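Student: My request is simple: use the sequences and hints to build the entire structure.
Number of protein chains: 2
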Amino acid sequence: MNILSAADFNILPGSSNCYPTLIQQALKQIPEGSCLRFLPGTYNFLPGNAIPFSLRVSNSEQQDTLYGAVFGEGLHNITLDWQGSQLLFHEDLSPFVFLGCSNIQLQNVSVDWELPFSAEATVAHSSENRADIIIDPQRYPYRVHRGELLFAREDGTESPLFGVMEFDVHTRKVRPEAGDTFPKVTASPVGPGMVRLNGEFSTPPKSGNILVLRHGKRIHPGLLADHCSQFQVSAVTMHHCCGLGMLFQFCRGVTASQVVFSPSTGREIFSGHDDGLHFSNCSGHLLIEHCGFWGLMDDPINVHGTSVRILEISGPSSLRCGFIHPQSYGFSKWACPGDQISCLDRETLAPFGNMTVEHFQLLGEKEFLITFSEPLPSTLVVGDALENLTNTPSVTCCYNHFGSCRGRGMLVSKPQPVEIHHYLFESSGSAILIPGDANQWYESGACHQVSIHDNVFWECCTSQYQFCSGVISIEPEIPTPEKNTGFHENISVSNNTFISQGKSPCLYAKCCTGLSFCGNTIFSPQPDSPLLQQEYCSEVYQEENHLTLLATPGLSIQG
Amino acid sequence: MNILSAADFNILPGSSNCYPTLIQQALKQIPEGSCLRFLPGTYNFLPGNAIPFSLRVSNSEQQDTLYGAVFGEGLHNITLDWQGSQLLFHEDLSPFVFLGCSNIQLQNVSVDWELPFSAEATVAHSSENRADIIIDPQRYPYRVHRGELLFAREDGTESPLFGVMEFDVHTRKVRPEAGDTFPKVTASPVGPGMVRLNGEFSTPPKSGNILVLRHGKRIHPGLLADHCSQFQVSAVTMHHCCGLGMLFQFCRGVTASQVVFSPSTGREIFSGHDDGLHFSNCSGHLLIEHCGFWGLMDDPINVHGTSVRILEISGPSSLRCGFIHPQSYGFSKWACPGDQISCLDRETLAPFGNMTVEHFQLLGEKEFLITFSEPLPSTLVVGDALENLTNTPSVTCCYNHFGSCRGRGMLVSKPQPVEIHHYLFESSGSAILIPGDANQWYESGACHQVSIHDNVFWECCTSQYQFCSGVISIEPEIPTPEKNTGFHENISVSNNTFISQGKSPCLYAKCCTGLSFCGNTIFSPQPDSPLLQQEYCSEVYQEENHLTLLATPGLSIQG
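First to last, the sequence lines map onto chains A and B.
Mapping the first sequence onto the numbering used here, position 26 (from 1) lands on 29, and the numbers just tick up by one.
Mapping the second sequence onto the numbering used here, position 467 (from 1) lands on 470, and the numbers just tick up by one.
Where hints are given, some of them may not hold.
Note that the list lumps identical chains together, so a pair holds whenever it fits in one copy or between two copies.
Calculated lysine to any residue pairs in the SDA-like style (CA-CA distance at most 20 Å, straight line) [as the list claims (entries may be wrong)]: (1) Lys369 <-> Arg59; (2) Lys486 <-> Asn442; (3) Lys176 <-> Gln504; (4) Lys506 <-> Pro484; (5) Lys176 <-> Gln32; (6) Lys209 <-> Thr174.
The set of hints was computed from the structure by calculation and includes no laboratory data.
In this text, all values refer to a predicted model and were calculated from it rather than measured experimentally.
Tutor: Right, dumping it as structure tokens:
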């Protein structure tokens with residue numbers, strides 16, 4: 004490998020607003036097969052000169068112009084080795100952007116923001132209709148204006164509070180039962196460093212507990228890879244990011260190893276602003292191993308596609324379709340010639356037909372025209388959905404730690420094989436969610452082979468979020484579930500250890516055929532702790548599961 | 004099975020000082036093959052009329068006369084089904100005593116004391132030389148007299164404080180690093196419900212934390228089975244006991260299923276006074292499954308024998324030997340004709356010789372004469388030790404939970420096969436200790452086959468006790484370890500999950516041959532977390548162990 008020093012391109016540790024330009028120039032110059040090696044140190048990316056670009060970014064708020072700090076386009080066989088450097092940011096931007104690249108390796112770097120896009124506060128006291136909270140104005144400068152709590156940004160703008168999460172001060176986990184239950188609030192000033200939140204608190208936040216005050220928009224992922232292939236990230240720490248942690252969209256083949264999300268020193272709870280690793284419409288194989296997730300304000304890993312609604316049968320082999328979820332508008336390469344497309348019945352979500360794309364053309368932002376090599380299935384009607392089977396990856400996730408985070412743990416809905424093993428899950432929502440819908444999020448099709456084995460689930464699913472009926476939830480949204488008891492297929496949950504609170508079942512499954520729950524060990528404070536709860540399933544196997552009572556104060560068992 | 008109602012023997016729920024006598028009479032009358040079924044309810048064993056008996060009780064303080072509440076001798080094929088009853092005691096006694104019985108099944112009962120033999124206190128404030136603590140005098144009546152903290156017993160006597168354990172008020176686990184570090188203290192009264200403990204505190208107890216104040220003598224096990232065979236205990240809850248939890252000595256074949264130790268409602272921390280299940284000089288197979296241990300003030304499970312010292316070569320086939328540890332004095336059947344005996348070199352603990360007992364005779368309390376069918380090995384010298392190989396059981400322990408307790412978790416030192424699997428360990432000391440000595444405790448020989456697999460070790464070994472060098476400690480005490488690198492043999496630690504604090508190694512091994520540490524998953528906050536630490540070992544195999552960093556605030560990894 005051809006090793007080049009970033010220093011030779013005048014990229015040195017320190018403070019500069021020229022880093023983005025210098026790095027972009029260097030990446031354009033270095034030949035394929037190079038490793039660009041950065042001198043270790045802190046790179047303080049002063050505001051200004053971030054690289055502007057335009058792209059539709061999955062599961063994020065859309066913005067005409069986006070900004071990237073380390074920006075590569077059309078690169079091949081390049082390694083960026085930061086040798087343990089810290090990158091410090093001040094703007095709303097993506098630290099890393101790679102568009103249409105192949106064989107990229109990003110390694111040995113940590114990322115943080117001087118002034119993050121979330122804040123922390125401590126609950127002083129509360130009642131059913133108000134909570135007085137303490138905010139460090141040095142760390143999180145704010146003001147209250149006309150009932151709004153506004154956080155100052157470094158560019159002089161202000162960012163309003165949009166959500167609050169309560170964390171237990173001792174366990175630093177989401178307060179049990181408190182998930183997404185914080186009400187809408189108005190703010191009023193109380194005194195220096197103290198703000199009153201006014202609202203209807205069904206469960207008033209507890210004195211001493213820590214609140215994460217969510218503000219800032221979900222625009223820029225910490226890393227954005229679009230239409231890349233064979234992308235590797237290793238030994239990368241994200242202490243913060245303004246949107247999704249790392250977003251891979253329309254990528255083929257991704258390996259994430261030793262990627263860590265964790266609050267930087269001095270912060271108690273939060274790291275990333277939203278999800279951790281987000282894979283949208285990817286293909287090939289995804290390997291995620293030896294990664295850790297702590298303090299994310301949304302799901303650590305989400306692997307999904309984008310399904311679309313059929314708006315019009317425009318010819319014997321042609322359809323006019325629409326993107327439904329605004330965060331999927333404008334995907335200009337939702338399908339390419341040769342891609343395999345399946346139809347989904349909107350009532351049952353049952354797949355039918357398998358067609359090959361001949362032509363794909365966007366019609367503005369929200370619609371497109373698609374033509375197939377074959378005639379359309381005769382049963383297809385307007386309102387059904389399409390799923391791109393080519394843009395579905397196989398997934399191996401292993402040896403990862405999902406620590407204290409908001410939301411669910413791992414979301415996956417892909418027809419290729421998925422293996423999840425040797426995890427430690429401490430998710431406050433469902434540790435694993437296998438959804439499926441073509442009526443609300445338009446993100447997910449059926450899974451055909453999922454193996455979940457040798458994991459430890461430690462007191463998961465203690466708080467409420469959407470689709471969290473079990474520690475593992477197989478929870479498709481099907482309008483007529485009785486008509487599709489085999490939406491998901493061949494899901495095996497074996498040889499896992501569940502440390503349960505005795506409330507949520509270990510496995511909740513709906514509309515699944517070939518479901519196996521075998522050889523699991525469950526420790527629970529409840530002798531009648533629910534293990535498997537199922538609806539509309541067929542071919543369900545359960546054997547050799549062992550429930551042992553968790554010894555706790557007050558426990559008594561007498562047969 | 005012949006089902007008899009205890010009510011027909013005038014044994015009814017309520018309060019009585021006649022229960023011991025009535026039960027003893029009933030057990031004498033009922034024929035073999037009977038199930039004595041007790042009406043469910045609370046049986047309040049008022050003081051007086053407990054059954055006196057005399058016996059040497061392993062690992063306990065010796066007393067000429069012991070007392071039992073439910074007392075059976077020479078019973079065969081009897082089931083005692085309490086149908087969920089609660090037994091409440093007031094004296095220093097053993098709730099259950101079985102001597103020379105076979106095929107006994109004890110089930111569906113819980114045990115507690117009105118006034119326990121331990122107390123709890125809350126730390127008000129402390130400094131380096133004193134701690135003011137709050138004791139509820141209603142719950143734990145006490146007085147301070149001449150510098151001693153004395154707890155009142157129901158019989159009018161008083162019981163002095165002998166030890167203190169500090170527990171974290173939030174986790175209710177032993178305060179990390181605090182194990183057996185509490186100093187000797189004197190007491191002085193401060194005011195109603197408050198006592199000052201004066202001492203040299205290297206780590207002053209923390210305000211708000213809970214102290215368990217240990218008093219009471221270790222005389223009466225909660226259950227005592229001596230020279231029994233095929234003993235089964237199931238669905239038995241011990242909320243308290245005055246000594247060891249359940250002691251099986253010189254028993255052949257024991258099954259413990261759904262045995263739980265847990266504090267009764269209203270107590271914060273402690274359940275049993277000392278160990279949980281203690282097996283001394285047992286044989287046959289021991290099966291311990293689906294049991295839970297929380298709040299014990301000593302090791303949950305201890306399986307060991309008693310070795311003895313050779314005092315004199317009294318003939319070509321005869322030895323005079325001595326019991327060394329006072330808690331083993333007077334074992335009148337330490338060996339029986341036909342038993343196989345091995346010698347242990349006192350310097351290397353290497354076994355040699357294998358002899359058959361012809362004659363065994365106690366010489367007072369501390370010594371005995373033993374004669375073998377064969378001549379003594381020529382290398383045997385005075386000072387070497389003897390081990391009874393016949394009185395060694397094989398052990399299967401599975402699906403058990405070791406929650407917050409003082410001390411180590413599972414202690415085992417037996418030459419028969421041992422399998423430990425599907426546990427959840429939260430031990431504050433070593434989760435598993437495989438000791439070995441014939442110089443101090445005189446309890447333990449070598450292990451020849453131990454398999455530890457598919458367990459979860461959750462933050463174990465955070466506090467200091469004797470022999471706790473690793474989460475799993477193979478730690479024989481051999482005066483010249485370099486001369487015996489194969490004391491323990493064939494120990495396999497595989498497919499376990501360790502959630503580590505990054506300090507103690509997962510496995511510490513000394514003087515072991517054929518040691519395998521493979522396929523384990525380790526989550527640790529330290530990238531250089533020690534996995535295996537070994538001394539004087541041979542044939543050590545390590546492969547396919549995976550270390551993942553525990554995501555925690557402040558964690559940063561950059562390769």
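Student: Hints first: check each against the structure and report whether it holds.
Tutor: Right, here's what the structure says about each hint:
1. Lys369 <-> Arg59: Within. Shortest intra-copy distance 12 Å satisfies the 20 Å Cα cut-off; inter-copy 86 Å does not.
2. Lys486 <-> Asn442: Within. Shortest intra-copy distance 16 Å satisfies the 20 Å Cα cut-off; inter-copy 73 Å does not.
3. Lys176 <-> Gln504: both (15 Å within a copy, 18 Å between copies)
4. Lys506 <-> Pro484: neither (25 Å within a copy, 51 Å between copies)
5. Lys176 <-> Gln32: Close neither inside one copy (47 Å) nor across copies (59 Å); limit 20 Å.
6. Lys209 <-> Thr174: both (13 Å within a copy, 18 Å between copies)
Violated hints, in rising order: 4 and 5; the structure is consistent with all others.
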